[in-house]
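Novice: For the record, the sequence lines run as chains A and B.
Be aware that the first sequence starts at 1, since it is given in this note's numbering, and climbs by one per residue.
Be aware that the second sequence starts at 1, since it is given in this note's numbering, and climbs by one per residue.
Quick caveat, the hints were computed from the structure, so don't treat them as lab data.
Fair warning: there could be bad hints in the mix.
As the list claims (entries may be wrong) - Here are the computed lysine to any residue pairs in the SDA-like style, where the Cα-Cα straight-line distance is at most 25 Å: (1) B:Lys280 to A:Glu252; (2) A:Lys280 to B:Val272; (3) A:Lys134 to B:Asp251; (4) A:Lys250 to A:Tyr153; (5) B:Lys107 to B:Tyr153; (6) B:Lys250 to A:Tyr153; (7) A:Lys280 to B:Pro263; (8) B:Lys107 to B:Leu117; (9) B:Lys20 to B:Gly71; (10) B:Lys293 to B:Gly304; (11) A:Lys250 to B:Arg133; (12) B:Lys280 to A:Arg133; (13) B:Lys280 to B:Ala57; (14) A:Lys250 to B:Asn279; (15) B:Lys280 to A:Asn269; (16) A:Lys280 to B:Ala270.
These figures come from a predicted structure and were not determined experimentally.
Each chain is listed here by its residues.
2 protein chains.
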Amino acid sequence: MINAPYLLFLGDTSDPSYAKTAFGLRDWAPERCAAQLRLGPAVDLGLPDRNIEDAVAEGIRTVVIGVAPPGGGLPDAWLPMLVEALEAGLDVAAGLHTRLNEIGILKSSAERSGARLHDVRVPASDYPVGSGRKRSGKRLLTVGTDCAVGKKYAALAIHKALQGDGLNSTFRATGQTGILIAGDGTPIDAVVADFLSGAAEQLSPDNDPDHWDIIEGQGSLFHPAYAGVTTGLVHGSQPDAMVLCDEFGKDEIYEYPGYRIPPLSEVMNAYVDVARLTNKHARFVGAAFNTSKLQIDDARAWLGEKSDQLGLPCTDPYRFGVETLVRQIA
Amino acid sequence: MINAPYLLFLGDTSDPSYAKTAFGLRDWAPERCAAQLRLGPAVDLGLPDRNIEDAVAEGIRTVVIGVAPPGGGLPDAWLPMLVEALEAGLDVAAGLHTRLNEIGILKSSAERSGARLHDVRVPASDYPVGSGRKRSGKRLLTVGTDCAVGKKYAALAIHKALQGDGLNSTFRATGQTGILIAGDGTPIDAVVADFLSGAAEQLSPDNDPDHWDIIEGQGSLFHPAYAGVTTGLVHGSQPDAMVLCDEFGKDEIYEYPGYRIPPLSEVMNAYVDVARLTNKHARFVGAAFNTSKLQIDDARAWLGEKSDQLGLPCTDPYRFGVETLVRQIA
Numbered sequence: 001m002i003n004a005p006y007l008l009f010l011g012d013t014s015d016p017s018y019a020k021t022a023f024g025l026r027d028w029a030p031e032r033c034a035a036q037l038r039l040g041p042a043v044d045l046g047l048p049d050r051n052i053e054d055a056v057a058e059g060i061r062t063v064v065i066g067v068a069p070p071g072g073g074l075p076d077a078w079l080p081m082l083v084e085a086l087e088a089g090l091d092v093a094a095g096l097h098t099r100l101n102e103i104g105i106l107k108s109s110a111e112r113s114g115a116r117l118h119d120v121r122v123p124a125s126d127y128p129v130g131s132g133r134k135r136s137g138k139r140l141l142t143v144g145t146d147c148a149v150g151k152k153y154a155a156l157a158i159h160k161a162l163q164g165d166g167l168n169s170t171f172r173a174t175g176q177t178g179i180l181i182a183g184d185g186t187p188i189d190a191v192v193a194d195f196l197s198g199a200a201e202q203l204s205p206d207n208d209p210d211h212w213d214i215i216e217g218q219g220s221l222f223h224p225a226y227a228g229v230t231t232g233l234v235h236g237s238q239p240d241a242m243v244l245c246d247e248f249g250k251d252e253i254y255e256y257p258g259y260r261i262p263p264l265s266e267v268m269n270a271y272v273d274v275a276r277l278t279n280k281h282a283r284f285v286g287a288a289f290n291t292s293k294l295q296i297d298d299a300r301a302w303l304g305e306k307s308d309q310l311g312l313p314c315t316d317p318y319r320f321g322v323e324t325l326v327r328q329i330a
Numbered sequence: 001m002i003n004a005p006y007l008l009f010l011g012d013t014s015d016p017s018y019a020k021t022a023f024g025l026r027d028w029a030p031e032r033c034a035a036q037l038r039l040g041p042a043v044d045l046g047l048p049d050r051n052i053e054d055a056v057a058e059g060i061r062t063v064v065i066g067v068a069p070p071g072g073g074l075p076d077a078w079l080p081m082l083v084e085a086l087e088a089g090l091d092v093a094a095g096l097h098t099r100l101n102e103i104g105i106l107k108s109s110a111e112r113s114g115a116r117l118h119d120v121r122v123p124a125s126d127y128p129v130g131s132g133r134k135r136s137g138k139r140l141l142t143v144g145t146d147c148a149v150g151k152k153y154a155a156l157a158i159h160k161a162l163q164g165d166g167l168n169s170t171f172r173a174t175g176q177t178g179i180l181i182a183g184d185g186t187p188i189d190a191v192v193a194d195f196l197s198g199a200a201e202q203l204s205p206d207n208d209p210d211h212w213d214i215i216e217g218q219g220s221l222f223h224p225a226y227a228g229v230t231t232g233l234v235h236g237s238q239p240d241a242m243v244l245c246d247e248f249g250k251d252e253i254y255e256y257p258g259y260r261i262p263p264l265s266e267v268m269n270a271y272v273d274v275a276r277l278t279n280k281h282a283r284f285v286g287a288a289f290n291t292s293k294l295q296i297d298d299a300r301a302w303l304g305e306k307s308d309q310l311g312l313p314c315t316d317p318y319r320f321g322v323e324t325l326v327r328q329i330a
């Protein structure tokens with residue numbers, strides 16, 4: 001569990017495309033984000049600028065590295081500020097390829113002050129083997145035709161809409177940005193294969209009968225590298241409801257030429273077949289599309305056609321919200 | 001790569017059921033097994049008894065721990081003999097839960113002499129992400145309705161029969177006993193989930209057009225804990241041919257009450273659907289059953305019926321060999 005409030009660290013990154021984590025946190029977890037810390041003329045999230053001393057005085061608990069520099073490493077120029085934070089008792093969290101816990105000066109600073117280093121790409125060491133036991137409470141899992149088709153966005157939007165309606169739900173993160181947004185979660189693709197579905201089971205434990213876990217999906221059953229991860233996540237999640245995520249105009253797995261995405265009805269049948277191993281009642285409740293390649297009126301018309309074809313509500317969560325999806329389960 | 005010849009270490013284990021690894025090695029890799037080493041009245045593999053000094057003199061390279069004591073640990077009483085082996089320059093290999101590399105006295109002995117410790121449950125640290133690229137050569141994968149239904153046995157029997165026919169084949173091990181038999185391989189269920197299919201791809205690299213990789217399957221698509229592993233292994237293996245493995249009289253996943261095994265035609269369709277993502281020509285060439293619960297004549301008759309039902313050769317490899325399967329691909 002990563003303690004809020006957060007101080008979002010932006011380094012000297014001026015290109016917003018490297019600051020997706022920071023923008024994601026600001027947009028999806030504003031209640032966790034108190035301020036920003038920039039080294040020079042970096043991107044501006046519109047949050048108050050605070051140094052370490054002020055942050056501590058205001059009760060901030062964790063410095064979250066909100067930028068991913070090219071290469072995924074941690075620039076040496078950032079170390080003095082992070083050491084200052086740790087020595088002042090602030091935790092530091094990051095989802096970089098480079099692990100904070102493997103940088104000697106950060107580790108020793110944290111040990112001295114008792115502050116914690118969170119590497120959110122690193123799974124907890126002990127997960128159980130999957131049990132297949134049906135759990136109480138209800139679960140929705142976003143699933144995709146491919147990676148990076150909006151599974152996290154759709155899950156966050158559905159969770160937010162349920163909360164807006166006063167319903168009982170929890171967002172369950174399975175990737176690094178999602179984990180920073182939620183404050184906890186499981187980096188499912190970093191789990192040892194034998195424990196995949198066990199880790200997914202543990203992520204959404206028994207809950208109240210009317211509680212919904214809204215689980216961030218990963219990968220795709222049609223991805224030649226990651227379908228094993230997807231399968232384990234589907235089995236452990238035991239979804240009652242699934243939302244298919246796709247992108248308009250996409251017909252092939254990204255960076256896997258020749259791996260064509262099947263017709264959506266076939267994609268959905270495959271997910272239902274897999275999901276029903278652990279939950280006989282698994283079904284699709286709708287689909288979420290990224291339609292950014294279409295003009296907005298064309299997008300609306302195209303979603304209407306898709307909805308007729310699939311017999312389910314279809315939306316672009318970013319443009320048109322997720323009310324039509326939420327009505328299927330609320 | 002584990003160097004042969006092996007000295008099979010049996011400790012003081014008198015119950016043959018704890019010595020399955022040793023018997024498997026003796027039966028399937030007799031050319032790698034030179035002798036046995038027992039502490040007192042342990043099980044007898046029928047191999048010559050040798051102490052460390054004699055073993056070194058005869059050119060033995062590796063002590064292989066062939067017994068799995070209850071609990072999977074390594075009894076302290078074995079340590080002096082293993083230290084003696086390491087100090088004499090012999091490598092030590094094991095597939096126990098306890099890692100040799102985490103036992104200080106073994107590690108320091110190995111460092112002093114330059115001998116190696118092989119923990120065959122531990123995967124190599126670096127596997128690539130799966131590429132989905134079609135490789136040259138041909139591949140057969142054994143797949144199952146469940147764990148422990150004869151996938152390793154069937155693969156070894158098919159490999160041996162191909163070699164007996166003078167054909168070009170390699171057994172590819174994916175579990176600890178298979179790895180000790182083959183001398184190398186990949187403990188696929190211990191790989192980090194993101195690299196599952198990449199590790200499976202690396203296990204059977206490009207090869208001659210007429211070469212067959214005979215790959216040991218793992219888990220089952222219908223297992224609520226392990227189907228993710230199975231999926232990644234199928235995708236990375238890109239099998240041209242699959243052999244279904246099952247056990248007569250089994251109707252539920254072992255230790256997962258309520259998880260019924262579907263009709264075999266349904267099981268086969270599911271495997272073909274998954275396999276065709278990475279190899280459009282994937283097909284079943286037969287099925288291998290453990291019929292030990294039937295009298296031999298009943299088994300023969302039952303296999304005949306299964307064969308008619310499935311339209312494929314069906315055999316019990318242990319009782320009736322695998323010639324009917326091999327004829328489908330040779």
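Novice: Hint by hint, say whether it matches the structure.
Specialist: Against the structure, the hints:
1. B:Lys280 to A:Glu252: Given pair Lys280 of chain B, Glu252 of chain A holds - Cα atoms ~16 Å apart, limit 25 Å.
2. A:Lys280 to B:Val272: 22 Å, holds
3. A:Lys134 to B:Asp251: Holds, at roughly 20 Å.
4. A:Lys250 to A:Tyr153: Holds, at roughly 18 Å.
5. B:Lys107 to B:Tyr153: 33 Å, violated
6. B:Lys250 to A:Tyr153: Judged against 25 Å, a Cα distance of about 43 Å means the pair is violated.
7. A:Lys280 to B:Pro263: 17 Å, holds
8. B:Lys107 to B:Leu117: 8 Å, holds
9. B:Lys20 to B:Gly71: 15 Å, holds
10. B:Lys293 to B:Gly304: 16 Å, holds
11. A:Lys250 to B:Arg133: Roughly 20 Å between the alpha carbons, so the hint for Lys250 of chain A and Arg133 of chain B holds.
12. B:Lys280 to A:Arg133: With Cα atoms ~35 Å apart, Lys280 of chain B and Arg133 of chain A exceed 25 Å; violated.
13. B:Lys280 to B:Ala57: 53 Å, violated
14. A:Lys250 to B:Asn279: Satisfied, since the Cα-Cα distance of roughly 22 Å is no more than 25 Å.
15. B:Lys280 to A:Asn269: 19 Å, holds
16. A:Lys280 to B:Ala270: Answer holds: Lys280 of chain A to Ala270 of chain B is near 17 Å, not above 25 Å.
The structure shown violates the earlier hints numbered 5, 6, 12, 13.
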